[in-house]
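Trainee: So for the first sequence, full-length UniProt numbering puts the first residue at 1; every next one is plus one.
Derived Cβ-Cβ restraints for the label pairs, each shown as a range: (1) ARG33 with TYR219: 35 to 45 angstroms; (2) GLY216 with SER176: 18 to 28 angstroms; (3) ASN34 with GLY190: 35 to 45 angstroms; (4) GLU6 with ARG33: 14 to 24 angstroms; (5) ASN181 with GLY216: 18 to 28 angstroms; (6) VAL212 with GLY29: 34 to 44 angstroms; (7) THR4 with LYS183: 41 to 51 angstroms.
Honestly, the hints are just simulated from the structure, not real lab data. Owing to the predicted nature of the structure, the values given are computational and were not obtained by experimental measurement. Virtual Cβ for every residue (Gly too), placed ideally from N, Cα, C.
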Amino acid sequence: MSWTDERIERLKELWTQGNTASQIADELGGVSRNAVIGKAHRLGLQSRPSPVKANESAPAAQPAREVEPAPAPQAPAPQAAAPAPSPAAAPIAPAPWDEDEDDTPRAAPAPSRAQPAAPAAASGSTDAAPQPIIRSIGPGGFLRQTPGEQQSPIPPAPPRRLVPAKPSPEIADKTSLLDLNEKVCKWPVGHPGEPDFHFCGAPSNPGFPYCVQHCGVAYQAQLPRRDRRPPPPLPFGGPRIR
DNA sequence: CCCTGATTCGC
DNA sequence: GCGAATCAGG
Numbered sequence: 001m002s003w004t005d006e007r008i009e010r011l012k013e014l015w016t017q018g019n020t021a022s023q024i025a026d027e028l029g030g031v032s033r034n035a036v037i038g039k040a041h042r043l044g045l046q047s048r049p050s051p052v053k054a055n056e057s058a059p060a061a062q063p064a065r066e067v068e069p070a071p072a073p074q075a076p077a078p079q080a081a082a083p084a085p086s087p088a089a090a091p092i093a094p095a096p097w098d099e100d101e102d103d104t105p106r107a108a109p110a111p112s113r114a115q116p117a118a119p120a121a122a123s124g125s126t127d128a129a130p131q132p133i134i135r136s137i138g139p140g141g142f143l144r145q146t147p148g149e150q151q152s153p154i155p156p157a158p159p160r161r162l163v164p165a166k167p168s169p170e171i172a173d174k175t176s177l178l179d180l181n182e183k184v185c186k187w188p189v190g191h192p193g194e195p196d197f198h199f200c201g202a203p204s205n206p207g208f209p210y211c212v213q214h215c216g217v218a219y220q221a222q223l224p225r226r227d228r229r230p231p232p233p234l235p236f237g238g239p240r241i242r
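Using the sequences plus the hints, can you model the full thing?
Mentor: Here it is in structure tokens:
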């Protein structure tokens, strides 16, 4: 198998979606996990947390593997405003939503630019040869900020429910996920996550998961080939095979 | 053992 | 450029 444009595209997509190399490999088929990893690196895709180099707590313990004769560490510029960053000085703010069960949306705190960030930009005369900023890779592949450029952390979005735990009043008498059983039609009405998402709930056609009407929708006779409409494009490259 | 991603190196 | 072999942590 070769890396066609389509396969590369799919690799990028699956990789950035967070699939593991193995998953991507057998999703694509015809390639090994190693091939996927190798290709991903060659494409310059963001690396994901690797079990191998997950921690980078001790910068000292790096054996002299560099061919490059490490350039003399830059003399600390006379920056009174930049206190020596103490490692482990910046605890991540705790998630603000604690335990309360309400579903009220939360405004993300405005990214306060209290800290004079972007130390590199204002280099005045010689902006050439920007000093390489040493960054560590966090879980998920993000680049950690250096202590000097900390912004207030943006809290991740609170977890969403696919099905509202507290059914809104408008579906109080409708068939919810918990009402499903062998005797009622399981045809979904609306979309999961929407406030009025529910199921048909009519008496099901015996032996089928749906009522007679929805069986008619679910099980359609095949049209002759020449009369068929081309299938709509699948959202994510088709069903997973497994 | 299994899994993971990173890296190396012959092709 | 490719990917098997290898490494190394979970």
